[in-house]
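*Asks:* Each chain is listed here by its residues.
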Amino acid sequence: MGYTIVYLSLIVLIPLATLVIKTAELSPGELWTLATSPRAMASYQVTFGASLAAALVNTALGPIVAWALVRYQFPGRALLDAIVDIPFALPTAVSGLALTAVLAPTGWIGRWLTPLGIKAVFTPLGITLALIFIGLPFVVRTVQPVLEELEPEVEEAAAVLGATRWQILGRVVLPALTPALLTGFALAFARAIGEYGSVVFISGNKQFETEITPLLIMTRLEQFDYAGATALALVMLVVSFAMLLAINGLGAWARRRAGHA
Amino acid sequence: MTDALAMAARRSARVGPPLGAPIGPPIGAPIAATDEPAWVRRTVIGVAIGFVGLFVLVPLAAVVVEALRAGLAAYGRAIAEPAALSAVKLTFLASAIAVPLNVVFGVAAAWAIARFRFPGRSILITLIDLPLAVSPVIAGMVYLLLFGRQGLLGPWLTDHGIKVVFALPGIVLATTFVTFPFVARELIPLMESQGAEEEEAAIVLGATGWQTFVRVTLPKIKWGLWYGIVLCTARAMGEFGAVSVVSGHIRGRTATLPLHVEILYNEYEYQAAFAVASLLVVLALASLVARRVIARRVEVI
Chain A
1 MGYTIVYLSL
11 IVLIPLATLV
21 IKTAELSPGE
31 LWTLATSPRA
41 MASYQVTFGA
51 SLAAALVNTA
61 LGPIVAWALV
71 RYQFPGRALL
81 DAIVDIPFAL
91 PTAVSGLALT
101 AVLAPTGWIG
111 RWLTPLGIKA
121 VFTPLGITLA
131 LIFIGLPFVV
141 RTVQPVLEEL
151 EPEVEEAAAV
161 LGATRWQILG
171 RVVLPALTPA
181 LLTGFALAFA
191 RAIGEYGSVV
201 FISGNKQFET
211 EITPLLIMTR
221 LEQFDYAGAT
231 ALALVMLVVS
241 FAMLLAINGL
251 GAWARRRAGH
261 A
Chain B
1001 MTDALAMAAR
1011 RSARVGPPLG
1021 APIGPPIGAP
1031 IAATDEPAWV
1041 RRTVIGVAIG
1051 FVGLFVLVPL
1061 AAVVVEALRA
1071 GLAAYGRAIA
1081 EPAALSAVKL
1091 TFLASAIAVP
1101 LNVVFGVAAA
1111 WAIARFRFPG
1121 RSILITLIDL
1131 PLAVSPVIAG
1141 MVYLLLFGRQ
1151 GLLGPWLTDH
1161 GIKVVFALPG
1171 IVLATTFVTF
1181 PFVARELIPL
1191 MESQGAEEEE
1201 AAIVLGATGW
1211 QTFVRVTLPK
1221 IKWGLWYGIV
1231 LCTARAMGEF
1241 GAVSVVSGHI
1251 RGRTATLPLH
1261 VEILYNEYEY
1271 QAAFAVASLL
1281 VVLALASLVA
1291 RRVIARRVEV
1301 I
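Chains A and B supply the protein sequences, listed in that same order. Numbered per this note's numbering, the first sequence spans residues 1 to 261. Numbered per this note's numbering, the second sequence spans residues 1001 to 1301.
Worth flagging that the hints you see were computed from the coordinates, not collected in a lab. Careful, some of the hints might be misleading.
DEER-style ranges, computed between Cβ atoms [to be verified]: (1) Arg1251/B - Leu169/A: 52 to 62 Å; (2) Gln223/A - Gly1053/B: 40 to 50 Å; (3) Ser37/A - Pro1100/B: 16 to 26 Å; (4) Ser37/A - Arg1149/B: 23 to 33 Å.
Glycine included, each C-beta is placed from N, C-alpha and C at the ideal position.
Modelling step: build the complete structure from the supplied sequences, incorporating the hints.
*Replies:* Shown next, in the form of structure tokens:
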């Protein structure tokens, strides 16, 4: 017990407190200037824009994957179920390298995009695609268990009462899935914001264009601009904590709803 | 994020539908009111396979193909190169230190949280999750701020000739930070659901605390513990962002496997980069298989 707290403090709490101490060395004005410099603002835009787009794509396609896995029987279902975990298991650097290879103008997918005038590598599109890869398991794995536990009787009752399949989906299934969908979205979004490894390879890291905030922090650190890095890290920490609270709130909401059902 | 994240991560391998169990009528059978017509089913399955295949399987295959592009001999050379071997060694060494640290912590923390009620218990649970919510770059950065040359303890460390950042201790610390929650998170729900009756019986029958732990508790939590160790090890070996900040990227000295991949890539040695990356793919797939095998054991218990 005492050991637990000492170890926790040594590895997690004291290092994180250092960040706060470093921040306290700056005046609020300085902090504001560093955190809202044009380059920082551009990096927020890239990071949050791409993360949002990626999380939305996963929220749209994730339930389809979950539905196929839970409701249908088809050859390769077990394999598909296993493959969904790969983005969790693969080191992020390998993911980034692999996606870059595939999406490069000579790559397996890139060569089909180039004639269409679509450039994926070194553009915000590439960043978004990498973040879709990283976030793919989150929505699938939060929706899947809810879908499994959905009682077929409810859908049967709706059908007996004359509802069409679309009405059942929209009014019975979708409301039951909503908390899981929102949680999955928030998880994918939160993960995408902090993501570094899979993005650096594909982004090209052009200032104001494809520079994500974690990378800007890294650049500041390499220039020994610790104040600049600290200010950016603080912004990211605040957003992470807001997401943490939102996700825990969503979880509590889902449990309450399940209790009423 | 952590609760749901860890739940998702855990459930992904553990629960899943029973493989091969019949779900819905086969395509072509008569349609019930709660089934979809065959074309809808085919479309949904097609979209699911297309999405996952395009985004996951194709890039994975690309790594293997690129790695072998110049032939097996070149592949062997890339992996047997001294810098690559030293990266392998460093990766295993850092994991071999970080994982046992977190295993001991995980067991102790789970014990404290599952068996006792104390003020601040829920705060402790949240704090254990904290490393999952923080960006890996920030995880590495805090150690730089603490032990770096301009850091809080930097001057003192320099005076005593201790090198933490851009050396093995820094890499181990960053790895420990990011893999901190995995074992504890596996064991807490397991130990809470198991209760303490058997331990109480052992104590009543005269066993010492240590005997009780080794002969009663450890066998009970064995598979959950292995599961946590697999998750922890896989992440430890693959960590990139956090280690990248504190390692200094010295080729052949402070580069772990993922960092070595990046170095090779930046030096335009693509084939070698993919060859080393393929090692990490094998490790990741092995960890997935291990998770599935262990998950089945956990379900049996």
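*Asks:* Out of the numbered hints, which ones does the structure contradict?
*Replies:* Of the numbered hints, just 3 does not hold.
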